[in-house]
Amino acid sequence: MGRQVGHRFPTREFTVDPVRVEEYVLALGVEPEPGYRAEPGAVVPPGFFMYVTTYGAEPVHDALDFDMLRTVYGGTEIEYRHPVRVGDRVLVTPEISAVTEKDGKSGRLTFVELTTEYTREDGTVVLVERSNTVQRS
Amino acid sequence: MALQIGDELPEIVTPPVDRLRIAYMTVAMRDPNLVHVEDAYAAKSGLPSAIAHGTFVTSYAGAAVSRAVGVDAVRRIRVDVTAPVFPGDVLRTHAVVTASEPAPEGRLLTVDLTVTNQDGVRVGRGTAAVEQPAA
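Protein chains in written order, with the working numbering: chain A, 38 to 174; chain B, 117 to 251.
Treat the hints as calculated values from the structure; they're not laboratory data. Note that the structure is predicted; figures quoted are calculated from it, not measured. Cβ coordinates follow ideal geometry from the N, Cα and C atoms, glycine included. Some clues are possibly wrong.
Some chain A residues well away from chain B (every beta-carbon gap over 10 Å; in silico) [what the hints assert, rightly or not]:
1. Gln41
2. Val42
3. Phe46
4. Glu60
5. Val67
6. Glu68
7. Gly112
8. Gly124
9. Ala135
10. Thr137
11. Lys139
12. Lys142
13. Glu150
14. Val163
FRET-style restraints, in silico, Cβ to Cβ [to be verified]:
15. A:Gly43 / B:Ala139: 22 to 28 Å
16. B:Pro148 / A:Pro55: 18 to 24 Å
17. B:Gly162 / A:Phe148: 16 to 22 Å
18. A:Leu128 / B:Val143: 21 to 27 Å
19. B:Arg191 / A:Glu132: 36 to 42 Å
20. B:Ala159 / A:Lys142: 17 to 23 Å
21. A:Glu116 / B:Ala159: 20 to 26 Å
22. A:Leu128 / B:Pro164: 37 to 43 Å
23. B:Gln234 / A:Leu128: 37 to 43 Å
24. A:His44 / B:Glu154: 28 to 34 Å
25. A:Pro55 / B:Gly186: 44 to 50 Å
26. B:Ala159 / A:Pro120: 20 to 26 Å
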């Protein structure tokens, strides 16, 4: 069980491959800027950075013991401290930053906040993503 | 575009979030969650069909902001997903500037964000902070 607050996952590397950003924009069907092209050097669109995309869902959801049938994504907050561009290589480190339990109408609800730090090789934090997930009992 | 408190950013009306878009998002995100792909799996969660990724909601809210001010001007965005999005839903964004404060190189604006579906159901809400250079 890695559900303890403060648990940090091992850092993984993520390279912002233009194909991944292109697929993301294709899925949306709305360009992040008129005429946007996912070419090396372009700033990555605001909603792209999700730990599922950049780190992988399995290690995180396994450690959290998530049953996806009882789990709902609640939302995300992203701070952009420095621009991340297509082609950049970043280090991705998720951490369980908060776990809150509440008794709801349909039983116990567990709110999990996962804070994922994106850093450059020199340690500069370029982006912080906080994603919230709710699991029913 | 010099934005001020009370200004509304141009609305985005999305294309239908159909199953093909959901499939592309599954691939783009490498998301293994079958709730976005298989109706029978989604039914086990009590859902009438597969649902779209919450990332559509956060991303369309983000796109409303980035299309207005530029991708590189977005400093922070927070979007809570408040209702599921189903295949075929068409979403609309509403974004309005609600605060403006001095920043090192211009102003930092707060934008309130709401995303609704074709039935007027709110599927997401949040705020963004964007930097606007001095005129």
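Check each numbered hint from earlier against the structure, then list the numbers of those it violates in ascending order. 4, 5, 6, 7, 15, 19, 21, 25 and 26
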